[in-house]
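Visitor: Protein sequence lines, in the order shown, are assigned to chains V and X.
Residues 11 to 240 in our numbering are what the first sequence spells out, letter by letter.
Residues 5 to 88 in our numbering are what the second sequence spells out, letter by letter.
It should be emphasised that the hints constitute simulated quantities derived from the structure, not laboratory data.
Some hints could be false.
Claimed, not checked - Computed list of lysine-lysine pairs in DSSO-like fashion (alpha-carbon distance at most 30 Å, straight line):
| no. | chain 1 | residue 1 | chain 2 | residue 2 |
| --- | --- | --- | --- | --- |
| 1 | V | Lys82 | X | Lys75 |
| 2 | V | Lys76 | V | Lys17 |
| 3 | X | Lys85 | V | Lys153 |
Unchecked claim - Not the full set, but computed from the structure, chain V residues with beta-carbon under 10 Å of chain X:
| no. | residue |
| --- | --- |
| 4 | His16 |
| 5 | Leu28 |
| 6 | Ile29 |
| 7 | Leu37 |
| 8 | Leu216 |
| 9 | Thr222 |
| 10 | Leu230 |
Said to hold, decoys possible - Taking CB as the label site, the calculated pair distances span:
| no. | chain 1 | residue 1 | chain 2 | residue 2 | range |
| --- | --- | --- | --- | --- | --- |
| 11 | V | Gly146 | X | Thr71 | 28 to 36 Å |
| 12 | V | Asp150 | X | Val58 | 46 to 54 Å |
| 13 | X | Lys85 | V | Pro44 | 36 to 44 Å |
Just so you know, even glycine gets a beta-carbon here, dropped at the ideal spot from N, CA and C.
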Amino acid sequence: MLKQLHKRWWKILGVVMLIYTFTVGLLIDTPDVPLLHETVRNLFFHVPCWFAMLLLMLTSLVYSIKYLRTGKTIYDIAAVSLLRIAVVFGVLGYLTGALWGNYIWGNLVSWITNDTKILGTAIGLLIYFAYFILRGSIDDEEKRAKVAAVYSIFAFILLNVAINVVPRLTDSLHPGSGGNATFTVYDLDSRMRVVFYPAVIGYFLLGLWIATILFRISRLQYQKNNIPIE
Amino acid sequence: MKNINFYTLRIISFFFLLANITFAHAQTETVATNGNPVDNLLRSNGLIYVVVGVIVIILGGLIFYLTTIDKKLSKLEKEIKEQQ
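Okay, chain X solo, but in the shape it has when bound (with noise of 0.2 Å):
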């Protein structure tokens, strides 16, 4: 139990930590206007670059626990045959 608590928690940690980088982003394109030239780039063919972002940081999230899931199952499969 001990450890699946363990594991929820640095899921949960690590996606508000990407929704608060793409809070960030949002934040800055509101009052920079030029200048950062990785601003510019997003701001760039109406905005199409923040839906590629929002899609990756989903993506990457999903494959992110599924990573996870994987390495569980691994950890459990070694501590089954060890047991037999």
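One chain only, chain V, in its complex shape (with noise of 0.2 Å):
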């Protein structure tokens, strides 16, 4: 990411794959599963926002070790500013699946208390919520970077078994959680992976694009207080 800063080429791609995924998405012709009927479409918008969210966060955890290896506080810089957008995506991923599951698996309520998925979802975004609290009660910069990068990585791995590991062992109304198979239910005829990975890409380039321009903004402050960051 910070090689590739000030270059365009991966922020029209990125432009160039989200403008795909909203007009072919809308278009395709999607295999007819009962009971999703049309919204079998989500796939396209609501999915990639966790893609998006995790892709992310790995980032930010390589900029993390990153960090640790070499103590330079740019890379800290790098690591909240990926971190900040990637919550976003997480957050949207999960009112949107709100709205989704509402129409599809029942009255609110009924599931979005129960499902392990979900809970496991909430779970790593407060996590991850703790993780911005930790930074703002330290003000030594140097202190704090560290003990950020540190419980960053325990962070990811703990989100990864709440969302990935965790809803496989037990149930969830989730594809991929228990006795149900991740993509083979929408993927009849692999037509809606066409979109689904352009889908992906776009996602996260968008917040590649927004994270480097909240890391731009770190580095102008960070630059006035006068503190090295190389």
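Assembling the complex is the task here: the two chains are given apart, and the hints tell you how they should meet.
Guide: Below, the structure written as structure tokens:
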């Protein structure tokens, strides 16, 4: 991310992917899945939120580890900028999921507190909210960066356990959990993949773009306060 | 301050332009029934293309806004670099 900060090609690629997703995703012929009907298209809009969140968090994790190895503040700024937008994608995924589920799984109240995967995402997001509270509570820059980097490693593992491991061991309404298969339900003829993967790339690159803007703002703030970042 | 006002004005006028384009389409749909191929396309499949158009306009507006922020930030970075 840091090397390509001022390059333009990946921003354009992301925008193209997004426009492709939002046009073809609405117009393409989808398999007629019982119960879901047209809402199967939400696979192009709701699911990439989570994929983008996980990819952004993974990138942030790389920068956290880089910070711990080198001690350069610039990596800490990159890590926190990525997490900020990742959490936004998570919240958007949660909200869109609530709307979708309200019409597919019945009344919101009956499943939102019982479904393992939703509880897992709620726990995971709260763990990441705690990351920002932790950062805010430490005044010393170096100490803050170190503690936050270590915390984010644990947070990423915990979030993945909560989202990807526990729902597979127990049961959840989501595909890919318990007895449900992940994509076979939707992907009878691979028609969905043609839009789904570009959607993930588009969301991820959009998140990356916003993250670079947040990164550059924080870098300016550090420079203004005369804190060495390299 | 003057700078910010200029940008805000430009963005607002951009959205007004977009709104005008969509509004013009909406009007032709109630009046004309055949002829214009673009109009026929927008009308087909239960007017789904109109929804696609709206979404693309929203997406385009947001991306445009993001681009202006990006440019503003680049300018600020350049100014600060020159100061130092």
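Visitor: The structure should be examined with respect to each hint, and the outcome stated for every one.
Guide: Results for each hint:
1. V:Lys82 to X:Lys75: Satisfied, since the Cα-Cα distance of roughly 27 Å is no more than 30 Å.
2. V:Lys76 to V:Lys17: holds (22 Å)
3. X:Lys85 to V:Lys153: Holds, at about 28 Å.
4. His16: Since the shortest Cβ distance to chain X is 7 Å, the answer is holds.
5. Leu28: holds (6 Å)
6. Ile29: holds (6 Å)
7. Leu37: OK, holds: V:Leu37 within 10 Å of chain X, min 7 Å.
8. Leu216: With Cβ-Cβ at 8 Å, under 10 Å, it holds.
9. Thr222: Holds, about 8 Å.
10. Leu230: holds (6 Å)
11. V:Gly146 to X:Thr71: 28 to 36 Å: holds (31 Å)
12. V:Asp150 to X:Val58: 46 to 54 Å: Given about 49 Å between the Cβ atoms, the range holds.
13. X:Lys85 to V:Pro44: 36 to 44 Å: This hint is violated: roughly 60 Å between Cβ atoms.
Violated hint for the displayed structure: number 13, the only one.
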